[in-house]
Structure formats: C-alpha cells, structure tokens
Amino acid sequence: MDPFESIKATFFQECEELLTDMESGLLAMEQGDDDSETVNAVFRAVHSVKGGAGAFGLEELIRFAHVFETVLDEMRSGRLALSDEVAKVLLRASDVLADHVAAARSGGGVDEGRTVSMIADLQGLIDHERANELGLNVHGDGSAAEEDFGFVPVVLSLDEPAAEAPETDIAALLSAAAEPSVAAEAPEAATPAWKVIFRPRAEMYAKANESALVLRELARLGEVEVSLDTSGVPALDQLSAEAAYLTWTIRLSGDRSEAEVRDVFEFVEDDCDLTMVRVGDAPERVAADGPDGDAPASAVEAAAAAPLDLAALLARVAPAAEPAPAAAAPAAPPAPSPAPADLDVAGLIALAEKASQDHAQAAQSPVARADPKLDQKAEARAAAGPATAATPTIRVDLDRVDRLINAVGELVIQQAMLSQRVFESGLARSSDVALGLEDLELLTREIQDSVMAIRAQPVKSVFQRMPRLVREVAEAVGKKVRLVMDGENTEVDKTVIERLSDPITHMLRNAIDHGLETPDEREAGGKSAEGAVRLAALHRGGRIVIEVQDDGRGINRPRVRGIAVAKGLIAEDAVLSDDEIDNLIFLPGFSTVDVVSDISGRGVGMDVVKRSIQALGGRISITSEPGKGSKFSMSLPLTLAVLDGMVVSAADQTLVAPLSNIVESLTPRAEDVHLIGGRDAVICIRDTFVPLIDVGVALGFRDTPLPPTSGVAVLVESEGGGKAALLVEAIQGQRQVVIKSLEANYQQIHGVAAATILGDGRVALILDVDALVTTSRRKSPRIEKRMAV
Amino acid sequence: MSKTVLTIDDSRTMREMLNMALVQAGYRVIQAVDGVEGLEVLRAEGADVVITDINMPRMDGFGVIEGVRADPAHRATPILVLTTESDATKKERARCAGATGWIVKPFNPAKLVEAIRRVAA
Chain A
1 MDPFESIKAT FFQECEELLT DMESGLLAME QGDDDSETVN AVFRAVHSVK
51 GGAGAFGLEE LIRFAHVFET VLDEMRSGRL ALSDEVAKVL LRASDVLADH
101 VAAARSGGGV DEGRTVSMIA DLQGLIDHER ANELGLNVHG DGSAAEEDFG
151 FVPVVLSLDE PAAEAPETDI AALLSAAAEP SVAAEAPEAA TPAWKVIFRP
201 RAEMYAKANE SALVLRELAR LGEVEVSLDT SGVPALDQLS AEAAYLTWTI
251 RLSGDRSEAE VRDVFEFVED DCDLTMVRVG DAPERVAADG PDGDAPASAV
301 EAAAAAPLDL AALLARVAPA AEPAPAAAAP AAPPAPSPAP ADLDVAGLIA
351 LAEKASQDHA QAAQSPVARA DPKLDQKAEA RAAAGPATAA TPTIRVDLDR
401 VDRLINAVGE LVIQQAMLSQ RVFESGLARS SDVALGLEDL ELLTREIQDS
451 VMAIRAQPVK SVFQRMPRLV REVAEAVGKK VRLVMDGENT EVDKTVIERL
501 SDPITHMLRN AIDHGLETPD EREAGGKSAE GAVRLAALHR GGRIVIEVQD
551 DGRGINRPRV RGIAVAKGLI AEDAVLSDDE IDNLIFLPGF STVDVVSDIS
601 GRGVGMDVVK RSIQALGGRI SITSEPGKGS KFSMSLPLTL AVLDGMVVSA
651 ADQTLVAPLS NIVESLTPRA EDVHLIGGRD AVICIRDTFV PLIDVGVALG
701 FRDTPLPPTS GVAVLVESEG GGKAALLVEA IQGQRQVVIK SLEANYQQIH
751 GVAAATILGD GRVALILDVD ALVTTSRRKS PRIEKRMAV
Chain B
1 MSKTVLTIDD SRTMREMLNM ALVQAGYRVI QAVDGVEGLE VLRAEGADVV
51 ITDINMPRMD GFGVIEGVRA DPAHRATPIL VLTTESDATK KERARCAGAT
101 GWIVKPFNPA KLVEAIRRVA A
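Sequence lines, in order, name chains A and B.
Take the first sequence: its position 578, counting from 1, is numbered 578 in our numbering, and each next residue is one higher.
Take the second sequence: its position 59, counting from 1, is numbered 59 in our numbering, and each next residue is one higher.
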C-alpha cells in the first residue's frame, strides 16, 4: 500500500481508539469526575484527531474538532466548570465528532445542520466575549471563518513551501541609515546583499542552538562572507564556559527577501541580537567593521571551525570529561587569541574540569529528584538492549490470523487422522509412537486454543458504541436513561463480535422504547425518573452470555396474549405459562406496538433478533416481572470456527447436525408417524405434529425413504423457530468439528451449511437445519438428486 | 553514519508520519509514546535530535525539554517541539523551557527535514 494511504488507514484506526477514550472520559466527567487528567485525556484525544486530520487536509473534521478542542481547553485551564449540562453537550459533541470521522473515512458528507447547531451549543458554553477572543465566532452562514481559527491545514506534500512576500522593515531601514560604516550606495545596486550582524546570547546555546548551523543555513541562501569578532572574549581566568562572547558579521550576496533571511534565524531570533541591513555591492565596505579592516580579517575563519577547535582543545586537556561539555563546546568561545604567550595550561585544565563538574552537578540533581523509578526503568531498558521502544501489542491483518487458524484447523485434522492410523496399525498404547502422539495431541490442542485466543477480542468494541445509541434513543423518545455496562472485557471470537452489534442494538432500543416508562409514569409508580438499562457480558459454560436488563414496566402479559390471539398466533383457549407468554414476543409477525416507531426497529420485531442470534448458533430468552422490568439473555458460542455437532449417519453418509439446533432425539414409534397425502410424513412428539424429514432422501443420497421405526428421529428447531424431526439411521456421537466452508472450496449446496473433516479423514457435511426445515414447511418438491461426496 | 532522531508523540498517526518523512530523508528513527518513555529511550539509546509533541499523557513536551536539559549527557541535544500555529503561547513556553526549535503541524516533509538540518550538525 502507498505509505501515505497506509498512514491514513492508521489515522482512522487511531481515531476510533481516540473516540473511545474520549467517550469514556466524557462519561466519567458526566458522573462528576473533573480530575484534570480525565479532562486532559479527552482534550488530547480531540487534539490528536485534529492533528491527524490536519495532515490529511480533512477540513470539515478539523473545523469541528477545533471548536470542540477550544472548549475543552477552556475547561482544562479552569475557565469552564464541569456541570451536568456541560457534560451532556460535550457528549453530544463527541457523537458529532465521530460522525465527522466516519464521513472523512468514507468520503461521505456530514449532517451540516447538526454540525452548525452543535458548534453553536459548544460556543454557548463559553461566554460571548471570550468566544470572540478565541476566534470562535460563527458567521452568518454558520461557518466559522478560516482566519479566525489560526489553523490553516497544509496538505502533506513534497513541494517546497512558497516563499513569503518580502516585507519592508522600517527598523532595518533606519538602522541602515544610522550605520556609519555602510556607504549610502544606490539601493538598485547590481548585486544586492544583506549584511547581518549576529550576536548570540548565552540562552541560545543553552537551548542547543549552534551558531555554526545558523551560518550554514545562511550559506544555503547565497554566497556568504563571514567575519568573527572576538573582541568580547575576556581574559582566560574570567572566561565562563556558559557565556557567549562572539559576534559574527555576515555578508550574504544574492537577491533574498528579508523574510527569507530572517527565517534562518527563526529559532534563535529571541536569543540573539540580530541586525539586518540591506547593502549594495561593496564587500570591502562591509568588512570595514574594524578600525582598518585588517584586525578582524585575521580572526576570520570559517565560522564552523571555531567551535570545533574548542572541542578539540577541551578533549585534549580533559580527556576524562563527559561528552556533554564537549558537545556543549560551542557555548564557550574559543581561546582568546590576543595573548597566546600567557596561556596557562594548568589553569585551563582546572577551568575545564571545574566547568565539567559544574555541568554534572547542576544537571544531575534535578534528574535525581525527578523520579527514582524512572531511573530504574531506564536502567532496565538499557539492559534490555536496543529493542526498548517496543509496545506490548502488535497489529496484524485479520487475513493472516485467519490463515493461521485455517492451518491450525488442518493440523488438528491431520493429527486426528494420524492417531486413527496408529490405532489401526495395532501399535500398543504404551509404544513410543503412541505416547509421542499423545503429547502431540496435547500440543495441538494448546496451539488451537492459543490461536483461537488471538482472534478473541473483548466485547468492548461493540459495547462502546452503545452509550451513544442509548443517548440518542432516549432523547428521541423523551425518556431518561442511565446505561450501566458490565463485563466489557469479556472476550469472544472476532467474527462473533462483528455480528453482536445488531442484536444488542435492537435489544437496547427495545428496552428503552418498550421496556422503560416515561419519566412521569415512573415517578407515579414510585420509581426514579431515570430508568436504568444494564448491558452485561459474561462467560458461561463455554458460551458468551449477553444480557440486556431494564427496570421498566415488564411485559404486559394480558396484552401480549391478546395480541397473539388476535393475530392468530395462539388459540384463544390455549393455556400458557407466564414464561410461554413472555416468549410469544419472539414469534414472527408479533409486534406489541401498534404504530411501528423508527426507534425499536424498522417494522421488525423481536423475531428478527431471535433469528439473527440463532444464525450465530445462539439462543435468546426473556424473563420478566410486571412492574419491575425485563431481562433478555442471549447466549452464543465463543467461536464460529469450530462447532459442537451431533455426528449422525444417513444413507451410508456421515453428517453433522449443529448441536445448537437440536432439541432432543428419540426412536420413532410406528403409531406416531403419519403420512399426509401419502407422501409427506409427520411425527407426533408430545402431542405436537412436526414434519419428519428423511435426511438421506432430502439430500438426494437415496430415493426410497427409510422405514421410520428403523432409524432415529432428531428433533431440531430452525432459526425461524420452525421445528422438524430429522430421520437418520444412527447417532454416532457428539463432537467438536472444525468448520470448512463449502462455498470457498466448492459451491453452495442447498441443505448443507458447511463441511468438516473427521478423524478418520473422511469429509462430513454439516446440515443446514434451517434450509431443511424451511423446505419441508413449504412442501416443495424434493430436492433433486445430488452427487454424494 | 546516519543521524538518529527520537520522536516522542502519543499519536500513532503522527509517529508514523514522522517516521515516513524521516526515514525517507535518511535518518534513523527511534520512537516513544510519551515523555516518560521518551526520556528513557533517550538515555538508553541516545539521539542526535529529539522531536517531541507537547500534549501527551504521563509527561508532556515541557517535561521532556526540562528532562533533557537537566541530563548532563544530553543537555546539548537539540529538541524540536511539534506545535500548531494557534499555540503561540505554547511555542513561547516551549522556547523558554529550552526547546531548540519547533515544527508547526501539519508539517510537510521538506519543512521537517529543514528544521532538523537547522539544529543538527
């Protein structure tokens, strides 16, 4: 991938994390946490989003992030106090920011009206005058003026920046006029030049700026003649290593604007005395700084040579000195040239050593004070070698993980086959081969578990989207809702996570829209006006359980029953337990609200939720207590890569029925089986008639049906809730199988969901129970014959 | 030998952006995600130039500047701070704390390399 695009992808990934951090920070703030670190973290998140957006020229995003950031900065600096109201606005702003990020990512647009009103709300938090001061005033069209932001996006490009327009510097002109040594040449001289007098102060060196580098930069602009004035250097015994004594005078030829020249001094201009004069073509005059132009000339060296000389000198006289003083050498002037004969070597050494000790002491103490732990860590790091900057996590393409998982799946199969071969070869269980194989089996299982753990992710990524949903739904239906989330770190396979979002969304909407009462109703019922919805995830028996619980009105059983009767879902005189009535809401076509609101679903009921959960191999149930609330629980397998199945045989084929579909198995009695229309069999199980499907015939393995009494009936429930009994010849047992996609390897086959490889190396088809049941219900003609695998 | 630049920024995007621009320009790049780690990495590995963000968790850019300037082994290491145009006061504060120079975000690679060249021998 283009590195730029790849960084952009990183940016959006990071945005997601930042938005999550921001939201959890804001939620904490909503609960009254006004700790400065919490506010800071939120600020940083928005700031980083803006920073990245700036690099990619995402202007809409920058514009909104800037306003948001400014408000947070006000809060950070204590000018804006945290209140419930403020937290609510900030939370809504975070939603809008997330929309902007999503829009920038997909290249789509954002809701302009919402952005404008959000910006207005944010500004409302800050008093008007201050907002003007901060440049947050919005213009009539609702868009903030670009210049008010002081944040001009520059798209990352390799183009050189355009030079700024030259400005007339009156001070420079005045000083030029006042400069006696500069001849008043015609300003239109053929080759114009700049005379720059550069006198660094000690502070400049303390900030690790170096004169030589500044001069080097200047030399890039044109031909330079540099002269060094050492007249400020004191006698050696008065020389301070930290002081600045030198002045450079530079004549820069070429037609450069003042802005260009000044730009070279950008980092140092506040720490030096700088005079810039525009001069004509008169090099000999510029050099005429000294009395007759001779004395300075003798001191003129390539400017960079001076610090080098001193470094060398210090290295010679104080070989044991730390590298720091040597590196800091430019901070000290070169040895004074006026009195070389008086050079007192001993004195110089003492001076140099003292200087280096001073450095060490002055510098050491604050570090020691800073943080002892930090030092220890630094040592540990140093010991760990150069790979110290490593982070504890790595990011890997999902593709790679999937490939690994597939390979491990193959390994498991291969290992099972090997075991079978060894068993068949008649080797003793205590033989070396058999023992080695046992170890291999353990190892394989461990690898399988570890690989599955790689794909496992906390459900947090789904849960974190829910607070926003709850806010929006609550606002739309005019209810007050507090969302409590538990078990966000419960881990589940990534493929499951991706598909959890819709059912959870639906259940939450349902809980708020139908479950909770309005604030007035709640208060009338002696509850607090704010309803509570709890979203929890937990592991139970190798499955993940997601619970959505509300403290609302509970299921109105008489009403549910009435609707079910009215819609013909149950008989008028049916005797149902409370539990059964509650579960009526999962029936297809059931909807307790007469007017379908756009909140709890686009005209779909809980049956859709149930079906999508069953598609994941899961189940859903409800418990409810009138006046106290309801609880939906759904349980799902932890992974979709392996499946618990019942291995059965039909027409000499080995097949696998997903355990999650199976209700029970039984041996049919002849008197329970009836033929309808002489062809379609039904079986009576506990006074209910369900279709009896001969699997061998349905899949086309044979034409003549199996006599029901010679086989086993497996009662299954499809995702749609339809039941049927699958007639097979025998049940072999229950086992975990690795799912192999048929679509990816062959093509889709009706009635077959996938395939797997059994321990003996044979391929077994996994039944698509839903398809089989639906087919039987529609009474469609038998599926045409297919080749057996 | 190529110069080593230590980049300290809590934003992964910014770190990658700096890394891309600097590696292309022939620098060796080492990274840290906050000020505390930045000082640790600097002490462990050393660097010819330090580029640091200002807003960071644990220790911000000002802390980095103070830490580097207080370390006898690295007090003369040039430090460039990443600022935005609007942070005039922050830039000034960074300068007072001892920053060698600054890079205005969003930067382009040419500007970045120029800033390094200005402060590194």
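Hint data in this document are derived by calculation from the structure and do not stem from the laboratory.
Hints may be right or wrong, so weigh each one.
List of simulated lysine to aspartate or glutamate pairs, EDC-like, C-alpha gap at most 20 angstroms [claimed, not checked]: (1) B:Lys91 / A:Glu60; (2) B:Lys91 / A:Glu269; (3) A:Lys631 / A:Asp672; (4) B:Lys111 / A:Asp263; (5) B:Lys3 / B:Glu92; (6) B:Lys3 / A:Glu475; (7) A:Lys723 / A:Asp760; (8) A:Lys460 / A:Asp439; (9) B:Lys111 / A:Glu266; (10) B:Lys90 / A:Glu260; (11) B:Lys91 / A:Glu488; (12) B:Lys90 / A:Asp2; (13) B:Lys91 / A:Asp582; (14) B:Lys90 / A:Glu475; (15) B:Lys91 / A:Glu266; (16) A:Lys494 / A:Asp73; (17) B:Lys90 / A:Glu517; (18) B:Lys91 / A:Asp672; (19) A:Lys628 / A:Glu488; (20) B:Lys90 / A:Asp513; (21) B:Lys90 / A:Glu225; (22) B:Lys91 / A:Glu203; (23) B:Lys90 / A:Asp672; (24) B:Lys91 / A:Glu517; (25) B:Lys111 / A:Glu37; (26) B:Lys111 / A:Glu74; (27) B:Lys90 / A:Asp270; (28) A:Lys88 / A:Asp672; (29) B:Lys111 / A:Glu217; (30) B:Lys111 / A:Glu258.
**Hint numbers not upheld by this structure, sorted from lowest to highest** = 1, 3, 5, 6, 7, 8, 10, 11, 12, 13, 14, 16, 17, 18, 19, 20, 21, 23, 24, 25, 26, 28
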